[in-house]
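K.L.:
The listed protein sequences derive, respectively, from chains Y and Z. All letters in the first sequence, in the order written, are residues 1 to 377 by the numbering used here. All letters in the second sequence, in the order written, are residues 1 to 324 by the numbering used here.
Keep in mind the hints are simulated off the structure, nothing from the lab. Using N, Cα and C, we set each Cβ at its ideal position, and we do this for glycine too.
Footprint (simulated), chain Y over chain Z, 3 or more residues, beta carbon under 8 Å: (1) 106-115; (2) 277-283; (3) 286-299.
Here are a few chain Z residues that sit away from chain Y, every Cβ distance over 12 Å (derived from the structure): (4) Arg-57; (5) Ala-171; (6) Arg-174.
Cβ-Cβ distance ranges computed for the label pairs, FRET-style: (7) Z:Ala-299 <-> Y:Gln-332: 39 to 45 Å; (8) Y:Tyr-249 <-> Z:Phe-87: 34 to 40 Å; (9) Z:Leu-260 <-> Y:Ala-114: 51 to 57 Å; (10) Y:Arg-364 <-> Z:Ala-171: 37 to 43 Å; (11) Z:Leu-260 <-> Y:Glu-171: 30 to 36 Å.
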Amino acid sequence: MRFTVERRLDLPRWRLVAVPIVSIALGLVLAGLVLLVTGHNPLSSYRQLFDAAFVSTGSLDQTLISATPLAFTGLAAAAAFRMRVFNIGAEGQLYIGSITGAFFGLYFGGRGAASPWVIALMVLGGMAGGAAWASIAGALRAFFGTSEILTSLMLNYIAGYLLTYLVFDSESYWRQTKGFNATVFPTGKQLPHNAVWPAWTLHTQGGIGVPLGAFLAVAAAIFLWVLYRRTRFGFEVQVLGDSEGAARYAGVRTRRKVLSVMAISGAIAGLGGVSQVGDFGHSVDGDPNGLQRLGYGYSGIVVAALGRYNPFAVLLVAFLLGGLENAGNSLQGANFPSGLVGVIEGIILFTTLGGELLIRHRVRLLRTPKTAAEAMP
Amino acid sequence: MNNSLIVVLIASGVTYGTPILFGALGELLAERSGVLNLGVEGMMLVGAAMGFWAEQRIHIGSGALSLILGLAVAAFSGTVMAAIHAFLVVSLRASQIVSGLALTIFAGGLGLSSYLGTDLNIAGVPATHTFHAFFPNTMQNWPIVGPIVFGQNPLVYFSWLCVIAVAYYLARTRPGLNVRAVGEAPGAADAMGISVAKYRYIHTLVGGAFAGIAGATFALAITPTWNSGDSLVQGAGWIAIALVIFSFWRAELCLVGAYLFGAAQALQPELQARNISLGPTDLWANSLPYAATVIVLAAVSWRGASRRLGAPAALGVAYVREDA
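One chain only, chain Y, in its complex shape (with noise of 0.2 Å):
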């Protein structure tokens, strides 16, 4: 069987709704035959994940815990994605969020100032280290050229091994050092109470807390929207984005966009560093098989993809994928083995991205001349 694929000349606003839907049911369709093909039930399987993450007692609470964080690492992504700069470091540049705006928690925390103040200075702090984090990327490919997807990535892993090493291997300021847990288990120092973030109890499912880094990042969506929709900034990111040439042409400065970009993405992940600590943990996490082994900062990819870069989508996806993990999570074991939230995950993103074709283009079968024998009833 031969096809060809050509061009549309008209995009109705129908298909650019209805080819995403499809190509998720038939992800969820694919994802279904590789459970049925290593012996699950796909139905009941999704049943059980949909309870676990929505509709059970406690489940928005937790699927609230898992969105933030995506929430913020997808709107990072998004937000470098869209000018084509592969900002794929959300991953450590939340951890290095998490250190900076720890200290700022556990310092001003510590000599006693207004809580509100203190969470100011947590959320200013989380914001700028994982804007200097990403911008060693950012530097690198505005002044240098470099790949900012292989130098961001790289990133990730030396971040790792700091945030192992401060709460791990050294008497350092982020970790928990006096008390009889601090000699069984490294942690990391608890924050003072004035530097913990609030949150909202919503009295429905046994009581849902949304935590503050949930408007905090539908603050930020709001803030990139207004950036890319009604600012010169954000129109010269887009066109950037759409062709550089013509950018180019058009005067726009290159470099500066790639680092403001870069330090945005950056500022965003960090913010979800710091609503990790500040939200959820309460002191910065350091285990090699805490935080780490959770990779929100990958799953912000996957989350931006399929928001299409649109912050507002993107919220609504991280919500979703958000419960996928708090499911998977949940029902870790023999009929959900690790793993299957990636797998669910990649293949959702695999048919949206082939879907993405369909939009602007055609496929149309070539039929082959039958023979004489075919051709015979």
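Got chain Y sorted already, so can you dock chain Z onto it with the hints?
P.N.:
Here is chain Z on its own, set in the frame of chain Y:
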């Protein structure tokens, strides 16, 4: 003398560098045909899990045969992973960068490789057979060349054959020259009657096979066990992609670079074994291979050197006949 730090580092540099070399050779072939595949890390992890599984669970008599079977299964699973990428970027013209990242996320430590390994229940046990040094002990004890050349596992020698084969293929054979044409000027290659899609498919798939073998090198020779997550490979796939850039898309230079990075990876365990510490030793020694990658990448990309020195001109660009 054979226990001096420098000899041990070179010898383990060769051992640790071998999977990076396999990965880089595969990526080199794919990139020479114009396909950037960022999924190496994921393909390696799936190769490691499936190769380890086949070696452990399929009994076919001797240990050597089961190791070869493990290697073959690893290569095949790497090929299957690469086929997804090839279909998306060659047939469906998807973004090579996003598709490659998707492949690493799908296949990687939080995805298929962990899923398969956990489901097949192969975690945490040592391999029944491993690739190990086979030259007589007296030869392995020869000064300097003993540990470096004769103390290696068979996969190291196999990788040398692969380097020669890839270098010869690209420089001296008709299909090898065709691949380079496809990577440099797909339009011209198409006009000559070379099928761009066919060449890109084949080389992406072969690249996947190499990545699968690289994964099996970890699971059956270097750390002969399997664990869920990415602890087995730890970014070697990404270093392999970077290595293709440092080696200016040449197989023979991949060899040198791979051993340098292998030695950088060997430094931390070696310092630990000798109780040598210089400041925060684990921190800098563990970070060294990654930091070195960043620094070398920056150095070779200075003023677009890599483009002058051999990046295929059509790397990363989908070929559409109507646009050529």
